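Given next are the chains, with one letter for each unit.
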Amino acid sequence: MLYDVTLSVRYAYALSAAAARMHLRMMPGNGPAQRLVSGLLQADPAPAFRRDRVDFFGNALTEMAYDAPLDTVDFRFTGRIRRDDLPKELDLSCALADMRRELAEVPSLAPDAPHHFLGASDRVVPVPSITAFSRGITRLDQPVLTVVEAISRALHEEITFDPTATDVTTDPATAFANRRGVCQDISHIMIAALRGIGIPAGYVSGFLRTEPPEGQPRLAGADAMHAWVRAWCGNEVGWIEIDPTNDMRVGADHISVAIGRDYADVAPVKGSLRSSGFHSTRHSVDVIPVEERTPVEAVGRSSTD
Amino acid sequence: MGETGAVTPARKAPLDHYLPPKGVADELLRPDGTLRPVWKPMIDHLAGRNPDQVNQDFARGDLYLQDAGVYYRQYTGDESALRDWPLSHIPVIIGETEWSKLAEGIAQRAELLERTMADLYGPATLVKRGILPPQLVARNPEWLRPMVGIKPRSDHYLHFLAFEIGRSPDGSWLVLGDRTQAPSGAGFALENRMATLRVFNDLYQETNVHRLAAFFRTFRDRLTQLRGPEQGQVAILTPGQNTDTYFEHAYIARYLGFLLLESEDLVSVDGKLMVRTISGLEPVSVLWRRLDSRFADPLELDESSALGTPGMVGTLRSGAVTMLNCLGSGVLEARALMAFMPRISEALMGERLKLPNIATWWCGQASERAYVGENLERMMIGPALSTQLPFEIDSSTALGGRFRDNARGPVRDWLDKNGGALVGQQAVTLSTTPAMIDGKLMPRPMVVRVFAARTKDGWTVMPGGYARIGRTEDPTALAMQSGGSVADVWVVSDAPVSTETLSGQQPGPFIRRMPGRLPARAADNLFWLGRYVERADFTARTLRAYHLRLEDNGGTPMPVFDQLGRYLEGRGLYLAEPLPDLFLNLLERARGCASKVRDRFSDDGWYALDELEGAARDLAGAVDHGDATGRALSQLLRKLAGFAGLVNDNMFRFSGWRFMSMGRALERGVQISDLLAVFSASGAAQGSLDAALEIGDSVMTHRRRYSVETNRNTVVDLLALDPENPRSVIYQAGVLLDQQAKLPRPGKSSQLTEVGRRILRVHTDLSVATPEVLDSAALAKLADDLQAVSDAIHTQYMG
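Residue numbers (our numbering), protein chains in the order written: chain A, 1 to 305; chain B, 1001 to 1799.
Among the hints, erroneous ones may be present.
Said to hold, decoys possible - Here are a few chain A residues that sit away from chain B, every Cβ distance over 10 Å (derived from the structure):
no.	residue
1	Val106
2	His116
3	Ser129
4	Asp162
5	Gly251
As the list claims (entries may be wrong) - Derived DSSO-like pairs: lysine-lysine, alpha-carbon spacing no greater than 27 Å straight-line:
no.	chain 1	residue 1	chain 2	residue 2
6	B	Lys1456	B	Lys1022
7	B	Lys1440	A	Lys270
8	B	Lys1040	B	Lys1022
9	A	Lys270	B	Lys1022
Unchecked claim - Some chain A residues close to chain B (C-beta under 7 Å, calculated; not the full set):
no.	residue
10	Phe49
11	Phe56
12	Leu109
13	His115
Honestly, the hints are just simulated from the structure, not real lab data.
Values in this document were obtained by computation on a predicted structure and should not be read as measured data.
The beta carbon of each residue, even a glycine, is placed where N, CA and C say it ideally should be.
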């Protein structure tokens, strides 16, 4: 499937913000089933300094800095992305009880190594109540993939999608205690639930197709940036991605932008202002399927990959 | 003791009570109880002094520390307080031969740590080859992912390290902890040396004690060499005055002559690291970081850090600055790494460790866990990634198979469940060294912190160090926070030692170095220090005028007394208390400003201010309204004058001094204008003019200078327009004009700046004014114009 994507983020400051500096992670990258065909990230006003690079986890990262005070600033990504479904694998994952041994067989600190995704991270520290929850619905002899899917299903049932219940800074323990939240909260809770029983888990930011195909329900989280979870299921299966907010495996309707240990690693705009007053943000996403008239295989791999 | 039983100053007397515990090594005595030769001169010296003399000797050292303002911050619960420096006067004495061997081991370890860090932030071969378990790195909060792949500009990650070492029962040295993050203590070692030198001056001169200055000189020169082609500043980055080692940061910055900066002084511009100075942004080339890595950059590292410079990591990525130690060096401090150091040494250096570290077992490995479980009684077990030292026992650790508070259940279960998060370390048995306790030498456990610095020829080890001495025989009570003390370390040679100082030995041609540009924040603090001190001075004079009239008045209110009361209360000085809170608050703020720029202050100036504030607080509750308060204020005014005198006499005429002078002049101008606007108004109470002269400290001058009684014109002339009166407004305008002309200008322009223009206008207006035209409205405008100068100074130099 080919999509045209627009992501706009606007910051408005009550007091002019002097000497702002920010890191943007708004540009999708390439993956096993995803290809960035074209993409442009712009800021208005234009920054005094800009540098594009990739971060530790391989995400596209744009640094910007302003030397003049800012009242408002608009960041806008526009691009075309090819996204295909991932083939459903057989569940060859190891038993949950064998995870320790599986991990020991990965002597690596590479960005994809599971070791980064097991300990506490900035936004997800171990939460005993969440660990107890995942222990309660799983067994050590179950295959890890089955465990991951069971936890996604249970959280989907347990937690009410409610954009008014939390904000961007809510920690997973609070959201879990209230049983309410949005994709960010649900993903953080699931990451805590997986790490709590020894399964490496990370956070994926991305987009959902805005309007569903004919006859299918609109997915929750399609109006803003979305988030879901990646889990490491042992050496045989490796990483899989799952969307607990919609309780579904990630497929052709999900476009991933950045991966990390939690939201702090992938926030679309991370900023620091030397003297900031109260500020407001607005953000909008459009993901529109493109009628394929001419093939675009000239860029990247063919769609049969 | 003595064969005759007579009371004689027997040579052995100092050692009468000295009985080291069994099973430990002792610094002073050999296992057979005989004195180690390096200690003989010290023991002979003590034997020749009577208790009074010893007390006097020790008092000299304490006095030095007091005068130098050496303190530390003690934390109890939520509170923290400054405490006297707990010097244990008897140094630890170590022979040169033994020390050389130790230093060799330290230098090897420093290089090993360098290579380990290069590997962890580079190819990670230690993990790939299975030498180091990946989770000990990946789960370590000090392993900073944004730093992975960044090569330091100097080619080296580590430049200044400390090692906590202790002596085991068999007499050999062990490393107990590597201090790679931002080690403190070198400055304290210097201060301990200065104090100990005052206690044992003659002995020190006679006994070939290695000096410390050469170590610091080499290091200082190295930092200067490390500047890149931009030839920018060398600076020390401190978390600020609230950190427990701020004193040391300020001290070492002054000692080495480097800028002392806080994160907010710095800004990243186009990938370069710049310091905001009074003449704009200047590049920083070398930054000695005394702030923990994670807090250094809220954008790329800990986002919750209130400290930090956004973009700092980027400046390292672009190779614009050399930082020591490089961000991320804290990863090397984790206890668990100790378990792997012998193998890492073989792998990265092809050498065995010359100096072993304390035996450590990571419990994530089955056989190690089993070993620790079988030997619980001689183990300390604690968090694997903790950076604490093995003798620092708290609620997260178990010693000898037991938790301190017994609240956690069996240690063995804990071990089985959380193995990967735990290490076992051999329980520490430290050597003892003499401490003078109640006039007797007593053996006390000790550890020594030694320091290593990178020079262009490799690592050099400071010949001395910083010893910590336990309060009791319990080695877990070593920390200052639990009442421990600190001591100097003497490395004693058989041959005479070089006695060079920091400035080196060779006389010859020299250049007069102008210090680096003044950071904007320091200028701001000095300017406001000047303003607050002057405002306090003016306020004290006004309060005194009020209180003295209270006494005179004998029941019938004098009109000017009421007017003074209204004037004061209109400025928030509520007169229910003899010394109003706002007045005390001014002194506190002055002290606060000074405390943020301690590196730019003489100790005497700082002390005068500190004392002033203390004296005001003491007086505040102790005096009654009226004459007593008047006298108290006179006393405080004399102290204020003392501070002003010290600053004027002792402070070099750098930009910092100019800002302070401008702050004082500006404040005085504003206050006098304001005072005159009220007290010379046509409707002012009777006696107002005399009160104004008194507050303006010009009563005598007026009597000499004018042949007539006080009238409005003579008072306004003297306090506003007389250029010879150091209290007049025009005199302040002259000071401002003079000082601002000597400040560095932005760019090379010789044009007047906005500040210059405004000052010149005030000065010109006053030069051509007569008392008649300076009515209350004109005086009020004058105060506003001066306030506008203050705003312009902020915009131009501190924005």
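Hint check:
1. Consistency note on A/Val106: stated as away from chain B, yet its beta-carbon is not over 10 Å from all of that chain's, at 7 Å minimum.
2. Non-interface status of A/His116 relative to chain B is broken: a Cβ of that chain comes within 10 Å, the nearest being about 5 Å off.
3. Chain B leaves A/Ser129 outside its interface by the beta-carbon criterion, the shortest separation being 18 Å against a cut-off of 10 Å.
4. Every C-beta of chain B lies more than 10 Å from that of A/Asp162, the closest at about 26 Å, which supports listing it as non-interface.
5. The claim that A/Gly251 is not at the interface with chain B holds, since no C-beta of that chain comes within 10 Å of its own (minimum 29 Å).
6. For the suggested pair B/Lys1456 and B/Lys1022, the alpha carbons sit about 45 Å apart, so the restraint of at most 27 Å is broken.
7. Restraint check for B/Lys1440 and A/Lys270: the C-alpha separation of about 61 Å exceeds 27 Å, so the hint is violated.
8. Note on B/Lys1040 and B/Lys1022: the hinted pairing holds, with a Cα-Cα distance of about 22 Å set against a maximum of 27 Å.
9. Between A/Lys270 and B/Lys1022 the alpha-carbon distance is near 60 Å, which puts this suggested pair outside the 27 Å criterion.
10. Look at A/Phe49: its Cβ gets to within about 5 Å of chain B, closer than 7 Å, so that hint holds up.
11. For A/Phe56, the suggested interface contact is upheld, since its CB lies about 4 Å from the closest CB of chain B, less than 7 Å.
12. Interface hint at A/Leu109: satisfied, since its Cβ lies 4 Å from the closest Cβ of chain B, which is below the 7 Å cut-off.
13. Annotation: A/His115 was flagged as interfacial toward chain B, and the flag holds, the nearest CB pair being 4 Å apart, inside 7 Å.
The structure fails to meet hints 1, 2, 6, 7, 9 from the earlier list, while all remaining hints are met.
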